[in-house]
Amino acid sequence: MALTIDVVQGDVHVTITLSGDVDTKTAPELLSQLTALQLHALEQLRLDLQAVDFISSAGLRAIVFAKQKMPHESALYLIGASEQIVDTITKTGLAQAVRIVASVTEI
Amino acid sequence: MSVQELGSVREQASMDNWDRLNDFVNESVRLGIKDKSRSYNLRLATEELISNIIRAANEVQRSESKDVVLEISAHIQKEGDGSWFILKTRDNGLHFDPQFSSRSPVDTEQPVSERAIGGLGLFLIQQSVDKVTYEWIDEYNVYELWVMLDSSCVA
Chain Z
1 MALTIDVVQG DVHVTITLSG DVDTKTAPEL LSQLTALQLH ALEQLRLDLQ
51 AVDFISSAGL RAIVFAKQKM PHESALYLIG ASEQIVDTIT KTGLAQAVRI
101 VASVTEI
Chain V
1 MSVQELGSVR EQASMDNWDR LNDFVNESVR LGIKDKSRSY NLRLATEELI
51 SNIIRAANEV QRSESKDVVL EISAHIQKEG DGSWFILKTR DNGLHFDPQF
101 SSRSPVDTEQ PVSERAIGGL GLFLIQQSVD KVTYEWIDEY NVYELWVMLD
151 SSCVA
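Protein chains in written order, with the numbering used here: chain Z, 1 to 107; chain V, 1 to 155.
Careful, some of the hints might be misleading.
[As the list claims (entries may be wrong)] Once the Cα atoms are required to be at most 27 Å apart in a straight line, the calculated DSS-like pairs of lysine-lysine come out as:
(1) Z/K91 - V/K88
(2) Z/K25 - V/K88
(3) Z/K91 - Z/K69
(4) Z/K67 - V/K131
(5) V/K66 - V/K131
(6) V/K78 - Z/K25
(7) Z/K91 - V/K34
(8) Z/K91 - V/K66
(9) V/K131 - Z/K91
[As the list claims (entries may be wrong)] Pairwise CB distance ranges (calculated):
(10) V/D16 - Z/A102: 37 to 43 Å
(11) V/L94 - Z/A102: 43 to 49 Å
(12) Z/G20 - V/Y140: 32 to 38 Å
For the record, the hints were derived by calculation from the structure and aren't laboratory data.
Predicted, not measured: the structure shown is a model, and the values here were computed from it.
Backbone N, C-alpha and C fix where the C-beta goes; we use that ideal spot for every residue, glycine too.
Given the sequences, and given the hints that come with them, work out the whole structure.
Next comes the structure, spelled out in structure tokens:
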């Protein structure tokens, strides 16, 4: 399934809304969008995953990349991830680095 | 023991065939496994395996005039009271033994800021299925991913 990526730049945060699968074929598109951001100066990154069905390790690596480039005190929110995606993030130990919320109202 | 074949696909191990290979996997999983969590995890493991095989095949195809072919098959095997969904890959790329049985686990407690970007793939394969085997047979890498089915998991 193709991946669509919508980036909205706010005053202090960036929201990236994804739709489709983040797999080996499509993760480079996400990485490219993340690389284009000023991650080193970003206070908050919101990844809206409500319309994402699948994230492979290539997708997780893109998320790890973003978090590593962001300031230590910054926050990376994963919004509306499915139970299976949360399970993958938890078992790989990445839950310690991100904030998992069901909807944007929890931020 | 009885075996129900679910089909197979055979293509050059290349990103050009990514969709065809993964479509076969997704359709086989849809036919064979009803449980959403188990089917998602098998897809996760298979995606990692196929991408590793294609990456290794690219090296061979760059340096040698040899096509690397990847064959994927799926079947359900009934043994006694239990059933298994088994997905098998076979490729003639570089001999690579992942040494699943002696592999050190990824340190999931390690802070993300200190992590290497790689290393998640093989870990995810092991974590996502009930059993994974590797053999080098007649110049082919052969992997099997086993997912245990109970009556509620069979589609």
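27 Å limit on alpha-carbon distance, applied to hinted pair V/K131 and Z/K91: The hint holds at about 17 Å.
Looking only at beta-carbon atoms, does the pair Z/G20, V/Y140 fall within the given range of 32 to 38 Å? With Cβ atoms ~33 Å apart, the hint holds.
Run the distance test for Z/K91 versus V/K88: straight-line Cα separation, threshold 27 Å. holds (24 Å)
Between Z/K91 and V/K34, is the straight-line Cα distance small enough, at 27 Å or below? holds (22 Å)
Measure nothing beyond the straight line between the CA atoms of V/K78 and Z/K25; if it is 27 Å or shorter, mark the hint as holding. violated (34 Å)
Under the criterion that the straight-line Cα-Cα distance not exceed 27 Å, is the pair Z/K25, V/K88 satisfied? Roughly 21 Å separates the two Cα atoms, so the pair holds.
Would you check the hint for Z/K91 and V/K66, treating anything up to 27 Å between C-alpha atoms as holding? violated (38 Å)
With a cut-off of 27 Å on the C-alpha distance, tell me whether Z/K67 and V/K131 pass. Not OK: Z/K67 and V/K131 at ~32 Å, beyond 27 Å, violated.
Has the hinted range 43 to 49 Å been met by the Cβ atoms of V/L94 and Z/A102? holds (44 Å)
Verdict for V/D16, Z/A102 (Cβ pair) under range 37 to 43 Å: Given a distance of about 39 Å, which is inside 37 to 43 Å, the answer is holds.
Would the pair V/K66 and V/K131 pass a check requiring their Cα atoms to be no farther apart than 27 Å? It is violated: about 31 Å lies between the C-alpha atoms, which goes past 27 Å.
Would the hint linking Z/K91 and Z/K69 be met if the CA-CA limit is 27 Å? Holds, because 22 Å separates the two Cα atoms, which is no more than 27 Å.
Of the numbered hints given earlier, the model fails hints 4, 5, 6, 8; all others are met.
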